[in-house]
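Peer 1: Those sequence lines, one after another, are chains A and B.
The first sequence begins at 935 in our numbering and counts up one residue at a time.
The second sequence begins at 935 in our numbering and counts up one residue at a time.
Quick caveat, the hints were computed from the structure, so don't treat them as lab data.
A virtual CB, placed ideally from N, CA and C, is assigned to each residue, including glycine.
Be careful, since some hints might not be right.
Said to hold, decoys possible - Once the Cα atoms are required to be at most 20 Å apart in a straight line, the calculated SDA-like pairs of lysine to any residue come out as:
| id | chain 1 | residue 1 | chain 2 | residue 2 |
| --- | --- | --- | --- | --- |
| 1 | A | K1324 | B | R1032 |
| 2 | A | K1063 | B | D1330 |
| 3 | A | K1063 | B | D1308 |
| 4 | B | K1324 | A | K1357 |
| 5 | A | K1063 | B | E1323 |
| 6 | A | K1357 | B | T1025 |
To be verified - A partial selection of chain A residues facing chain B, derived with a Cβ cut-off under 7 Å:
| id | residue |
| --- | --- |
| 7 | R979 |
| 8 | F1021 |
| 9 | T1026 |
| 10 | G1047 |
| 11 | T1061 |
| 12 | N1328 |
| 13 | P1329 |
| 14 | A1367 |
| 15 | N1373 |
Unchecked claim - Computed spacing ranges between beta-carbons, pair by pair:
| id | chain 1 | residue 1 | chain 2 | residue 2 | range |
| --- | --- | --- | --- | --- | --- |
| 16 | A | R1264 | B | G1352 | 30 to 40 Å |
| 17 | A | E1306 | B | N1195 | 56 to 66 Å |
| 18 | A | K1184 | B | A1338 | 48 to 58 Å |
| 19 | A | P1343 | B | A1113 | 31 to 41 Å |
| 20 | B | G1074 | A | D1330 | 50 to 60 Å |
| 21 | B | G1352 | A | P1083 | 31 to 41 Å |
| 22 | A | G1354 | B | A1039 | 46 to 56 Å |
| 23 | B | L1064 | A | T1359 | 27 to 37 Å |
| 24 | B | N1328 | A | G1045 | 38 to 48 Å |
| 25 | B | S1043 | A | P1343 | 53 to 63 Å |
| 26 | A | P977 | B | A1106 | 57 to 67 Å |
Protein chains: 2
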Amino acid sequence: MGKTDWKAKAKALRKKLRVVKEGAAATAAAPASKAKQVSPLAPARFPTLPRIAGAEFAAVEAGVRYRNRKDVMLIRLAPGTTIAGVFTRSTTRSAAVRDCEAKLATRGSAGTGAAIVVNSGNSNAFTGKLGEEAVTAITGAVARALDMPAARVFSSSTGVIGEPLPHDRITASLPDLTAALREDAIEMAAHAMMTTDTFPKGAAATVQGDGGIIHIAGIAKGSGMIAPDMATMLVYIFTDARIPAASLQKMLSRNTDATFNSITVDSDTSTSDTLLLAATGQSAAAEIKGPVAKAFEAALHGVMRDLALQVVRDGEGATKLVEIRLTGARSNADAARAAFAIANSPLVKTAIAGQDPNWGRIVAAIGKSGAEADRDLLSIRFGDILVAEKGWRNPDYNEADGAAYMRQPELVIAVDLGLGTGKRTVWTCDLTARYIEINADYRS
Amino acid sequence: MGKTDWKAKAKALRKKLRVVKEGAAATAAAPASKAKQVSPLAPARFPTLPRIAGAEFAAVEAGVRYRNRKDVMLIRLAPGTTIAGVFTRSTTRSAAVRDCEAKLATRGSAGTGAAIVVNSGNSNAFTGKLGEEAVTAITGAVARALDMPAARVFSSSTGVIGEPLPHDRITASLPDLTAALREDAIEMAAHAMMTTDTFPKGAAATVQGDGGIIHIAGIAKGSGMIAPDMATMLVYIFTDARIPAASLQKMLSRNTDATFNSITVDSDTSTSDTLLLAATGQSAAAEIKGPVAKAFEAALHGVMRDLALQVVRDGEGATKLVEIRLTGARSNADAARAAFAIANSPLVKTAIAGQDPNWGRIVAAIGKSGAEADRDLLSIRFGDILVAEKGWRNPDYNEADGAAYMRQPELVIAVDLGLGTGKRTVWTCDLTARYIEINADYRS
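Sequences and hints are given; from them, build the entire structure.
Peer 2: Given below as structure tokens:
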């Protein structure tokens, strides 16, 4: 074999292997270099997001951990903004999450302006008392810089765990941040919070309100459900709608289960997951109610779902986006159990990575889920292809059809348990060698 | 760069990648060729197992699916043998498992001889009514061949799912099997049931009984907790002890939680997992009771634990055997939740694969487990190294020490929740790119 053959072979192998050597130096600009390998499931481009009157964005290089990239972002929200939030349910959740929860629960100083400050590079999780001190220092400094009560300043941190957050670098960057605040800088903010993300995530919608247009714009980061070194899911959604805080919170909570609580990359949960929804009330439209409220909630759901799916599309190492549609369960709780058992099964996820229509692994995942199931009643479909029913492979099923279907980048696996009306749809991605490389080799 | 450089580079890359091309042809002798890559955690050799008077073994090539290897094994147990069993709790468990459960529940024809027949290559799972017919055909044929009631013939199948089991190939092999039955052929039986296993698994113990020695010998197969194509956990343990079936069952059930129910390779559960324990009563020792019963149970526990750990040592792609020692939980149930959350976390398992002392991922896994936990009370140790306590990294902890510890092939991760006396120890292995290759590329 000639020289060029070996060279080509080595290149092809290296492409398959993609060992993330550049990630080895912990303090290097690793996320920036990784970002070049954009997920094959990424949208073609970052969407054009509408300006939200009363919401201004800025991002700077504060050097929290990374070099040569923006790593802190600040959002200023005009007086009158109402805020709602949902957070990780982890019992080891971070100081920033606990602080946000406490501030939302008391709704202190509502009616004044508000702010959100987010850093990447350090999650400030499992940092003991120093963690709380850092949150207090950062939110206090932002409050002073923007002349608003600290009770209205919300913070998030994502990055390495267990290392003290150098909060002085963040507070030192506040003069630059406040000077840079602009309504049209939301995309920069989406970039600044990226860690192992391969693309920034944005989504938008508009709704016709009474007397004016209502806009919604959201940004997110996330690529493993958790990776304390690097990942976490952070989502910030803004609207100019006029809506009381209590209604906003109800609407957000109602729509979280079917969106952000229905995705899984690796079954792990972050200590820092945060979703904040802020309504500035600066649209010309009247306070939303009746049919407008319905339309607004549907639009909000769409933005939440789109951002949630973008997180799965950026799942570490993902090459397939998979929708698991579980119907016919005895209850919705049973449907969720079975759907997540399938979505989290390493064997199902590796089969999908291998483009293998391995329905047997789906049967096995249902079997271990704890959901009531009867082998002779369940059916499995890949897209429109009926693969198995009545306790056995469909006699008309052709493995070649299943294999052809599995070669698509986006898959729907529909399972009906044939027992009742319980249902749940969840989204997952495949499990590839790239996931192992990202998570095993990163610090080694 | 010259020719040889590229060649060497390609070879090194290929070695890292180890794409399992040879596994592509589904009916080829894949397990045999894979078996060459023996797990680095395998024992040096198959142990010398004592003969168990009254237990005879045979294995033959029946061509169920594989070529050029033994794939069916038969065990004949002398009249008077008592039998106990535990099985997968999967709701989609196989026809053979359901048949074993029913036969043990009714204890039909106890006192006569008994038999166990096991095939690899086809799991006879999710094969509808044909599955039950195959079990009836096989156990009926064995009963006739060995002149015993079908109620005393137990069967197991492991291999591909959803394809009709060619039971005629198994029944056709019965004349050869019965002719080959020998008390010293247990190792051959251990080989015949291998699928993705890279080594056969055996363990033994002896106990001084009243009036004679009591022997215990066991064999197992398993390498993923499940992989319907190939894997499943099957365990058969034999003793010449004299012990009533009810006592035997109680003893087996009492010792399963701390052994076979405390291991996980990939959090998936097989549709076919089976553990049978047979006591032939042919030892010269009297029926076991009192201190002998205690000693026997301790020895049985040791055999069960050893076989369980061998399954983890042969975990698909494993390079590390990891013991998770969870203490200080509010309850044993909470301890199990937290221990398995750590043991099954893809992020913990990939960190271990990367030899990364990433204790933050352990904190996160505890946080998502649902177990009561307080960040400020928990502590984490790698071996004897105190890594984290009181809500933060131990100030005396040196990352280099943690990294050195992680390079060992066998690890102990001890977590104390600091809340109560609940505890659980479980075993797992790391998650490597080889796991993905085995499970994603096998059929592709």
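Peer 1: Each hint: holds or not?
Peer 2: Verification of the hints:
Between A:K1324 and B:R1032, the direct Cα distance comes to roughly 18 Å. Compliance with the 20 Å bound is thereby established for this hinted pair. Taking the CA atoms of A:K1063 and B:D1330, the gap is about 17 Å. The hint holds against a cut of 20 Å. Straight-line distance between C-alpha atoms of A:K1063 and B:D1308 comes to about 13 Å, which keeps the hinted pair within the 20 Å bound. A C-alpha spacing of about 42 Å is found between B:K1324 and A:K1357, which places the hinted pair above 20 Å, so the restraint is violated.
The straight-line distance between the Cα atoms of A:K1063 and B:E1323 is roughly 12 Å, inside the 20 Å bound, and the hint therefore holds. Taken as a hint, the A:K1357 and B:T1025 pair is honoured in the structure, with Cα atoms around 19 Å apart against an allowance of 20 Å. At about 30 Å, the closest approach between the beta carbon of A:R979 and any beta carbon in chain B exceeds 7 Å, and the interface hint on this residue is violated. Contact between A:F1021 and chain B, as hinted, is not supported at the beta carbon level, the nearest pair being about 12 Å apart and thus beyond 7 Å.
With a cut of 7 Å, the hint placing A:T1026 at the interface with chain B holds, because the nearest CB-to-CB distance is about 3 Å. Interface restraint check: A:G1047 against chain B, minimum CB-CB distance 32 Å, threshold 7 Å, status violated. Among the interface hints, the one on A:T1061 holds; its C-beta lies about 6 Å from the nearest C-beta in chain B, closer than the 7 Å criterion. The beta carbon of A:N1328 is not positioned within 7 Å of any beta carbon in chain B (closest approach about 10 Å), and the interface hint is therefore violated.
Taking 7 Å as the C-beta cut-off, the interface hint given for A:P1329 is violated, the closest approach to chain B being about 10 Å. Residue-level restraint check for A:A1367 holds (minimum Cβ-Cβ distance to chain B is 4 Å; threshold 7 Å). Annotation: interface hint on A:N1373 holds; nearest CB of chain B at approximately 4 Å, less than 7 Å. Checked against the given bound of 30 to 40 Å, the beta carbons of A:R1264 and B:G1352, roughly 39 Å apart, stay inside it.
Checked against the hint of 56 to 66 Å, the C-beta distance between A:E1306 and B:N1195 comes to roughly 22 Å, which is inconsistent with it. Our hint of 48 to 58 Å for A:K1184 and B:A1338 holds, since their Cβ atoms are close to 53 Å apart. Against the hinted window of 31 to 41 Å, the Cβ-Cβ separation of A:P1343 and B:A1113 comes to about 55 Å, which falls outside the hint. As the Cβ distance of B:G1074 to A:D1330 is approximately 32 Å, the hint placing it in 50 to 60 Å is violated.
Restraint check, B:G1352 to A:P1083: a C-beta distance of roughly 36 Å satisfies the suggested window 31 to 41 Å. The hinted window of 46 to 56 Å between A:G1354 and B:A1039 is violated, with their beta carbons roughly 29 Å apart. At roughly 33 Å, the beta-carbon separation of B:L1064 and A:T1359 lies within the given 27 to 37 Å, and the hint holds. A beta carbon spacing of about 45 Å between B:N1328 and A:G1045 agrees with the range 38 to 48 Å that was offered as a hint.
Distance hint for B:S1043 and A:P1343: a CB-CB separation of about 57 Å, consistent with the stated range 53 to 63 Å. Range check, A:P977 to B:A1106: about 58 Å between beta-carbon atoms, so the 57 to 67 Å window is met.
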